[in-house]
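Asks: Take these sequences, add in the hints, and give me the full structure.
The sequence shown lines up with residues 0 to 116 when you count with numbering that gives the first Met the number 0.
If you're looking for bench data, these hints aren't it; they were derived computationally from the structure. Just so we're clear, the structure is a prediction, and the values are computed from it rather than from any experiment. All C-beta atoms, glycine included, are put in the ideal place defined by N, C-alpha and C. The reader is advised that the hints may include incorrect statements.
[Said to hold, decoys possible] If you anchor each label on the Cβ, the simulated ranges turn out as follows: (1) THR81 / GLY116: 17 to 27 Å; (2) HIS2 / PRO61: 20 to 30 Å; (3) GLU57 / LEU114: 28 to 38 Å; (4) ALA36 / ARG60: 19 to 29 Å.
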Amino acid sequence: MIHHVQLAGPPGCEDSMRAYYSGVLGWTEIPKPPLLAARGGCWFAVPGGGELHIGAEEGFRPSAKAHPAFVTDVHALAATLTAAGHQVTWADPAEIPGRDRFHTTDPVGNRLEFLAG
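Replies: Structure (structure tokens):
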């Protein structure tokens, strides 16, 4: 089992990340230990287990291809994201037969995949 995945964002991105990961996705924010909190960023509990850590990084540039993938009810989440104004791009079902999945990006451009269990 993976304990956590870390993504990055530019310094000062915490409010927009909280609005997205907690506000739109409904993930609970986890307090960072004090020594790490001084570096910026924020952490979230991923439903079903594990954590997502967002680190503040000078010169941040999102990856065009690399991404974490999370298992969820993709159709419900796609509707939530679309209603909140976020683009959802469904993957070609022939790529992984029998597995509905889509990609989207967080507020700073990190690519995310969500797939049916």
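Asks: Each of the hints needs a verdict: does it hold here or not?
Replies: Cross-check of the supplied hints:
A C-beta distance of roughly 21 Å is found between THR81 and GLY116, which places it inside the suggested range of 17 to 27 Å. The hint said 20 to 30 Å for the Cβ distance between HIS2 and PRO61, and at roughly 23 Å that hint holds. In this structure the hint that GLU57 and LEU114 lie 28 to 38 Å apart at CB holds, the actual value being about 32 Å. For ALA36 paired with ARG60, a C-beta distance near 24 Å keeps the hint of 19 to 29 Å intact.
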